[in-house]
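Chain residues, written in single-letter form:
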Amino acid sequence: MAERSPVGGGGAARFVGASVQRGEDLRLLRGQGRYVDDVRLPGMLHAAFVRSPLAHARVVGVVTEAARRARGVVAVFDGEEIARLARPRASIPGGTDDGGPPVYTLLATDKVRLVGDPVALVVAESRYLAEDACELVEVRYEALPAVVSAEQALDPKSPPIFEDLGGNVIYGPTTKAYGDLAGTFARADLVVQAKISQHRQQNVPMEGRGIVASFDPETGELLVHAATQGVNTTRAALAAQLGLAAEKVRVLAGDIGGSFGLKFGISREEVACAAASRALGRPVRWIEDRGENLTVSGQAREESFEVEAAVTREGEILGMRVQMVVDAGAYPGLAPMVVDSVREMIPGPYRLQALEFSATVAVTNKASYVAYRGPWAAETFVRERMVDLVATELGLDPLEVRLRNVARRGEPPLRMVTGPPLAGITARESLERMAELIDLPEFRRRQAAARREGRYLGVGFATYLEPAPGPRSPDSPPDPGELEHQRMRLEADGTLSVFTAQMPHGQGHETTLAQIAADQFGVDWEQVRVVVGDSSLSPAGFGTGGSRFATMAGGATLHAARELRSKVLEVAAQLLDTGPERLAIVGGLVVGEGAPAGGLQLAELAAAAERGLLPVGTDSRLEAEVTFDGGESGWSGGTHCALVEVDCDTGRVRVERYLVVEDCGEMINPAIVEGQVRGGVAQGLGAVLLERSAYDPDGQYLSGSFMDYLLPTATDVPHIEIEHLETVRLDPDVNFRGVGEGGMIVAPPTLCNAIADALAPLGARITEQHLPPSRLLELIGTIGG
Amino acid sequence: MNEPPEPISPYEAIPIRLRVNGELRSGAVEPRRTLADFLREELSLTGTHLGCEHGVCGACTVLVDGEPARSCLLLAVQVNGAEVRTIEGLAVAGELSPLQSAMRDQHGFQCGFCTPGFLMQIQALLEERRALSEAEVREELSGNLCRCTGYESIVRGVMAALGSGADG
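The listed protein sequences correspond, in order, to chains Z and V.
By numbering that gives the first Met the number 0, the letter at position 289 of the first sequence is numbered 288, and the numbering carries on one by one without gaps.
By numbering that gives the first Met the number 0, the letter at position 118 of the second sequence is numbered 117, and the numbering carries on one by one without gaps.
Simulated from the structure, these hints should not be mistaken for lab results.
Just to be clear, a hint being listed does not mean it is correct.
[What the hints assert, rightly or not] Away from chain Z, derived, C-beta distances all over 12 Å, residues of chain V: (1) Leu17; (2) Arg18; (3) Val76; (4) Leu95; (5) Met119; (6) Glu126; (7) Gly162.
[Said to hold, decoys possible] Simulated restraints on C-beta separations: (8) Z/Ser496 / V/Ser43: 53 to 63 Å; (9) V/His53 / Z/Glu490: 27 to 37 Å; (10) Z/Glu79 / V/Val76: 38 to 48 Å; (11) Z/Glu220 / V/Gly80: 31 to 41 Å.
Small disclaimer: the values here were computed from a predicted structure and weren't measured.
Glycine residues also receive a C-beta, built at the ideal position from the N, C-alpha and C atoms.
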C-alpha cells in the first residue's frame, strides 16, 4: 500500500486508499440506472438506417417513396437530404502532411465505402416500424472492387476509395529519426529482423452507441441525450456540424454502458439523428443494435511493422528501425495521432539509443479506425515481442534481456530517445518482483520435465509504461486543452458538489472523486455529490480518456477541496469571531476554538452565508474553481507474466497463472484499480485467443454477431493475481496515476510471449497477435497453414 | 373441409395478462413484440437491458416462472399468464437484497449494463440452494457477457452470496 501523507482539514486520509463501496451501485444494482436507451421524451420518434450491403460501390439511385408511405413512417432522408441539413466531416482533423484530408457526408451520397455504410435514415413512430420501412427503401449500386487490406491499398493501381485523394494513402510515409542510428547498427553484433502484426479487433461495450436528440423550434435549442465519454466534446462537434452556436446545444449523459474509447465526440449516425430532429421539430432516438455496433461502429489495432533491432551478443538492444503500416478503414480520424504515440512510446522503459520510425496510413473498405483502450498499444506489443525474439536469437532468457536493458531511476538516460522523461519509472522493480513471484528457475525445471512428456508449458513477460499522463516535461508546458478544470461548491444543505468534465462509463468516478474531496474537505464521502454529464454545468475539458482521470481529475479535486476548505474556514471564522487557523472541519462539522461545543454544522454555515450574515466585503460564495496542470505527474506501469500450457493436439491454450505487478502510484480505491486491471487483461486475453474482426476478400464483414465475434466469458478468463508496488512520489500532493489502459496494452504481448515460449521446441516463430487454436495448429504444423 | 384460419395481422394487438415482480399487469401487444420491449417500453421497467438482441450476451435475462430466460428472444404473447421477475423486483422494501449487497461489497460490476442479466441468472442459481465450487459458478455464468470486469469480481460476489446462505 502506498504511503500517504497526512492532510490538513479532515486530519489523516480516511477514504483514499480504502476500497469503499461504490455510490453508483446503489442505483445500478437496483435497475435504476439511466442509460440513453432509457430516455423517453414526449412525441419521441425512432430512427433506423438503411445500410450498404456492399463494401465499395457507387450509389446510382435511392428510391424512398414506398418507405415514406409505409405505416408509422414520419420521414425518410436520403444522403443528399441529410447533406443539406448538416456539414460534411473531415477525415483527419488538422489535415495530412500532403494535401487536404478527404471529406465525406454523414450518409453516403455518391458512393458507399464499407459494408454497413448508412445510405438513408427512416424516422417512424416505433423502431419496429422504422426497421420495416428500411426494407422498402430501394438503393441501386454499381459495385466497385473492394480494397480490403493495407497491402492492396498501398498498390497504386488499387481503386481509390476517395477519388479526390488520388490513391489510398491518407498519411505518410513519414520518417523520423532519433539518436545515432547508423552508429548503433555499426556497433551491433547482430541485427534481428521481424515482421510483427496486430489484427483487427474492437471495443464492443455491452451498450452500443445511441442518441435522443430533441430540437426545440421555439427556442432554436438542441437538447441531446448521448452515450459519450465527454459532453463538451460531443457538444462542440454537434454544434459545428449543424452550424449551431455552442450555447444553443446542451448535451446530457446519464449512465454509460461501457465504451473503451468508442464513444468520443459524436458519430455520423448520431449527428444525422440530430439533424432529423431539427428538421422535424420532434425528438428522434436512435439506439444502435449489436449488428450495427460490430459492423460499423469502429474497429482498431490493425497495424503491421517491419522491425530491425541492432543488438549486442550480451543482449543489449542499441537501436531499432521500424516501419509501420496502418489499415485505417473507410473513414479514419485517429490513425495519424496513434502513429505519433506509437513512435514516441516504442522505446518504453528501455535504454534504446537510436530509433528510425516511418509510418504510412492507408484507407480500406472496412470499418473506420477508432480509439480502443490504449490506442497506441502496438508500441508495447512490437517492443515486447521483439525483446523475446532477440532473447531467442541470442539464447538468453527473456527476463534477463529485459533487466539488462531497462532504465534505472536517477541514472542516465533520463529520457526515452524519443523525448519523454523517464522520471519515477519502476519497471526494474516490477521485473525483479515478478521474478520472485514466479520462481523462474523452478518453472524452467518443470517446463523441461513436461517437455519430456510431450507437454508444452511456457512463460511470458511483458513490461510497459502507461502515460497516465506521463511525467511533466521540463521543456514542453502542458497543452491548454490538457488542463483539468474543476468547480466545487458547498451547498445549502451541507453537501459538497464537485463539478467535473470527466464522464465516467464504468470507472466509478462518482465514488473516487468523492473519496478525495471528503478527505481533503473533512466530510463523509457520502456527503459529496459528483456532478457529471451535463454540458450546461460542466467545466471545460474533453472528458474521460487516455488514463488521465486519476492524476488530472483526482488532482483537481484535491486542490479544489483544499481551496474551498480554506474559504469555508474563513467564513466560519467571521461568523464565530475567531481566527481561521483555530478551526478545522472534521466529520462535516466546523470545530475548534470559538466553535460551539458540538461543532458548527456545514449546513448552518452555508445558510448563514446565504442569508448575508457576514461582514460587508467577505466573499460569501462557498465555491472554488481550480485549474490543474497535472503537477509532476508520472508513469503508471509494471510487468505482467503468464504461465501457460498449449495442447498441441487441440491448439487450446490454458492459462495456468496470470500475474500482474503494477505501479499506479497512490491508489484512490484499490478495488476499482483491480477492476480496471483485470478488465483490461480480460480484453487482452480475448484479443489473443478469441476476438477478430474478420472480412472476406470482397469486404463482407464476417463477425457481425456474438456467435462470430467471440468475447471472453467467465470460463475463459483465469484468476488474475495482482501485486501493487509502492509508489515513487514525484509530486508533493498528487500521486494518483491512471490505470485504465495498461491491462489491455500489456496482456497481448504477455500471453503471446508465453505461447511462443511454450512452442519454442517446435520451431514456431510467433510474430502475430491472434492465436486461436486453428492458428496455433498451423504454426506448429499440425494442420496446413 | 375446414377453412384455413384468418391470418392475424402483424399489427393486431393481442391482450395479455401476467404477473411482473408480484404485481398483476395487463397489456395489448403486437404478436411480434418481444418480452424485453414490452417490459421496457410498456411497463417502463428499463432495468432490463438489451445487449445483443440475439440471445448471446444475456443482459436481458429475466426469470419466467422461476427460470432464467432471454427476454429478447421471447415474445410478450408467450408469457401470457406467467410470473416474470426483473431486476427491479430484487430489492426488498427498498433495501438491497443479500445478492445485491454482496455484489456491492465485492465491486462486482463496473458500467452496470450487463448487471440485470447477471443478477437474474445468479438469483435463479441461489434459489436452487446448491453448494457450488468457484469453477461451477464460472460455468453457470458463462452464458452472460461482461466487457468491463474480467468476471473475477462477479464470481466473488456470487461466492459471497452463496456463502451467506441467503437465497437471494
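**Prompt:** Among the hints numbered above, which are violated by the structure, and what are their numbers in rising order?
**Reply:** 4, 5, 8, 9 and 11
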